[in-house]
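Once you've looked at the hints, dock chain Y against the given chain Z.
Sequence lines, in order, name chains Z and Y. Numbered per numbering that gives the first Met the number 0, the first sequence spans residues 0 to 360. Numbered per numbering that gives the first Met the number 0, the second sequence spans residues 0 to 594.
Among these hints, one or two may not hold up.
[What the hints assert, rightly or not] Within a straight-line C-alpha distance of at most 20 angstroms, the following computed DMTMM-like cross-link-like pairs (lysine to aspartate or glutamate) qualify:
hint	chain 1	residue 1	chain 2	residue 2
1	Z	Lys112	Z	Asp122
2	Z	Lys68	Y	Glu323
3	Z	Lys77	Y	Glu174
4	Z	Lys68	Y	Asp331
5	Z	Lys180	Z	Glu212
6	Z	Lys77	Y	Asp331
Read the hints as simulated data drawn from the structure, not as lab findings.
Spelled out from the first residue to the last, the chains are:
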Amino acid sequence: MTNAKHKLTVRDLRKTYGPVVALTEAAFDLEEGEFLTLLGPSGSGKTTMLMIIAGLIQPDRGEVWIDGKLATFAPSYKRDIGMVFQNYALFPHMTVYENIAFPLRMRNMATDKIRQEVGRVLDIVRLPQVADRLPRALSGGQQQRIALARCMVYRPSIILMDEPLGALDKKLRDQMQLEIKQLHTELGITALYVTHDQEEAMIMSDRICLMNEARIEQLGTPADLYFKPRTVFAAGFLGESNLLEATVEAVVGDRTTVKTPDGALVRAPTADGIAVGQAVKLMVRPERLALLGPADSADNVVEGTLDQVIMVGGVTKYYARVAGDRAVSATRLTLGPISGLERGQRVRLGWSADSTVLLTA
Amino acid sequence: MSALAQRLRPWRAAWPLIPVLLFLGVVFLYPVGQLLMLSGLEKGTSVLTLAHYERLFTSNLYFRVLVITLETSAWCTFFAIVGGYPVAYLLATTSERRRNNLMIWVLLPFWTSFLVRTFAWIVLLGRNGAINKWLQALGLTDAPLALIYNFTGVMIGMSHALMPLAILTMVSVMENIDANLPRAAATLGARGGQAFWRIYFPLSLPGVAAAGLLVFITALGFFITPALLGGRLQTMITQIIITQVQELLNWAFAGAVSMLLLVTALIVFYFYDRALGMSTLAGETTTSQGGGRRNPIAAIAAWIGDILLGLIGRICDAVSIVYERLVPRPADRLTRQWSRTVLGVVAFLIIGFLAAPTFFIVPVSFTTDAFIEWPPKFYSMRWYDAYFDSPIWMAATVRSLVVATASAGLAMLIGAPAAFVLVRQRIMGKTAMLAFILSPLIIPRIIIAVALFYFYARVGLIGTSIGLILGHAVLAIPYVVVTVMAVLKNYDERLDQAAGSLGATPLRTLWHITIPLIRSGLVAAFLFAFITSFDELTIALFVSGGLATTLPKQMWDDALLKVNPTLAAVSTILLVFITIVILLAEYLRRRSVVR
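Only chain Z is shown next, with the shape it has when bound in the complex:
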């Protein structure tokens, strides 16, 4: 079977609610042991996709293969998946022990073995002391870990997580991100994770599937998405970006030259399907922009007027207006107190050709 090597394969999924398209043309593979994150703003279709994979929503079209078996319309209990819900969905009338034992009981495991397994996962999530408590007697972070334990205990093919850290405060969230990441690495879990938090996606994922308006916008490693975004949306959603309008002047091998509205020429790596005369957007990350001294030079240079200088602790942000009054920002490490730069002063901003990205969409 062609899909045997993938843990999960999704093909051409589509789901509509009346006139509203919730998900369309969705396709990807998930490898064994991989951590893939569905990232996108609310309403982008990521939860719909997760629910279809979990068997909690039926798609209008498309296929879902889990562990080499077709599962598009199979009931959830036959799919061998685990799911961590946003509000954890711990059974409030059962103790922590009973909650974790539930999936094992459903699989008719012997009582002794159940006790052993529940003990094992409670040790893994470092909460062996709470077995006899009811879920509501636990803190948010503890409930989160129990939900994870309940999911891991029966070793499902894939663990699905729907914004599992959404209800926690910032500090606990940061801690849990690392814990989940560590569990993933240690136990070799295959995980599909949903979040709207780009930082969380970058921290945890092997690959990110960026979603927007019911479609997959771009799929790749965090570095791919960060350094080689293919669309304006991708560039804007992950990290900060400076965007300038430009027209393609020349394409020579792997170098393309574009011209900004104020006439500056900018060199960039050639992007797929680019043609002379085409209107494009050029994108540079703020941390790749440098403020040039009078003697400094760079592949690409634009001139502008300084608007603001803001020290944000470890980094300092410089805001300037360039090329037809577009606002850009440069982020540099804070090396000492800022001096000699004033609002309204003319500045030169420079960056390398390789850190320029041309976007056609």
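Below, chain Y alone, put in the same frame as chain Z:
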């Protein structure tokens, strides 16, 4: 500031509670207390005696009636819960649109007069009723079955009467069950049966218990259905009280029987509270606090329950596995979930049982015959003419409308401000006060009615509209307070604070911000109160004194003489009226949701 003034300070803000407490104190607590006291006094004197209670407990008759009352109530509760559960489950788990549409068919019988619904059952179940005629036409029976004036008739009538209450109570709990829990169970490997019986059902039990309690307590005080659909052997305790007062004028003994009824109700409440806690009545899913399970008995009960529910779940799943062997569910296309289909069919049948019978009264009202018979002989308007031409019926109708409007208005006037205080102020003894305000709902209505009769007789309010208005307001206040409190709990008080910070005085905030936002809730509260009074028979039965009859009282008197087609005509008019009110309320509710 003096210590006393400081302690009284929270009370200054609580002044809107005073009218409602005073009112209930005078028109409810005092008369009821008096009646119960009377049961311990020698007739016409103030000498203490246990004679009335001796008579109550030495006579075999009253004990038998008590047993019949408890038995009937218990069976009625059982049927109302078993029949109501699938409907409640469907309502709680279906899409919002479908729920709203189905809900109307539960609300319609809920708000339709018990009298009208009982008449409908006479049309259906009587010797010459629709069901017997159909059975004979189909050749299933030769002679008419005895479906009425016996236990069967009472059970059908009472289950039909109280099932909507059970459904609405259970839905309010089930709606609070997180929809993700059964889903989580499914992803963890539970088939439908296990997911339902191990997860959903235990979580819905508080709703079942609350529904059971409300149905049981209401059934204890029933008399319309047993009187019209039952025989001699189905006499319930309330009927004894009515006889004692109306025919024998034996107040003291009526007081003693009332005490018996009240104590029975209180015992039931006590055990309910001990077992589950009163807060489950307010629609909260679980009550046990803190960590693990509490005592060993509860632990054993939970253990047995766990095994039992697991077993039922397994049986259900075994059925579904066999079914899947026969009709496989392929993974490559969508198939219908047969359990939902079964649920849909069952719920549909039960909703049909609730909603359909009432409509049989409509054709009967157009009959040319002088009695209620199936099929009716068409077509005549004479029963409508009889209604519209009768000064008695017209007077009763007008009085009902006036009394309902006035008592609902009065209940709103003193109930709504009290609800504001109860939701928004922190004051001592709030729970006790709420319990007091709600107690007219809990105490069997017949006790209030007899107590008011005795009280009014001495202050000269018998046979007056004022007397009716005050009495009905006692019953309407709890509905108003509960409804307005529910609305206010969902109201974001920061809106008022925002208005205040923008310079609005509290009164202007109330007028321009709060009231417009909760208007539909207030209208609903008014309608609740209006219908409570409009449909009220028990108090009217005593207080109207044969002079100032209301519509339900006139129907009751007529029915006791002979169930005739005029009643069908009146019932039809009432049915149309109630349907319009319900649809209007639903329309207002939906509009307020959309905005």
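Q. Of the hints given before, which are not true for this structure?
A. When the structure is compared with the hints, numbers 3, 5 turn out to be violated.
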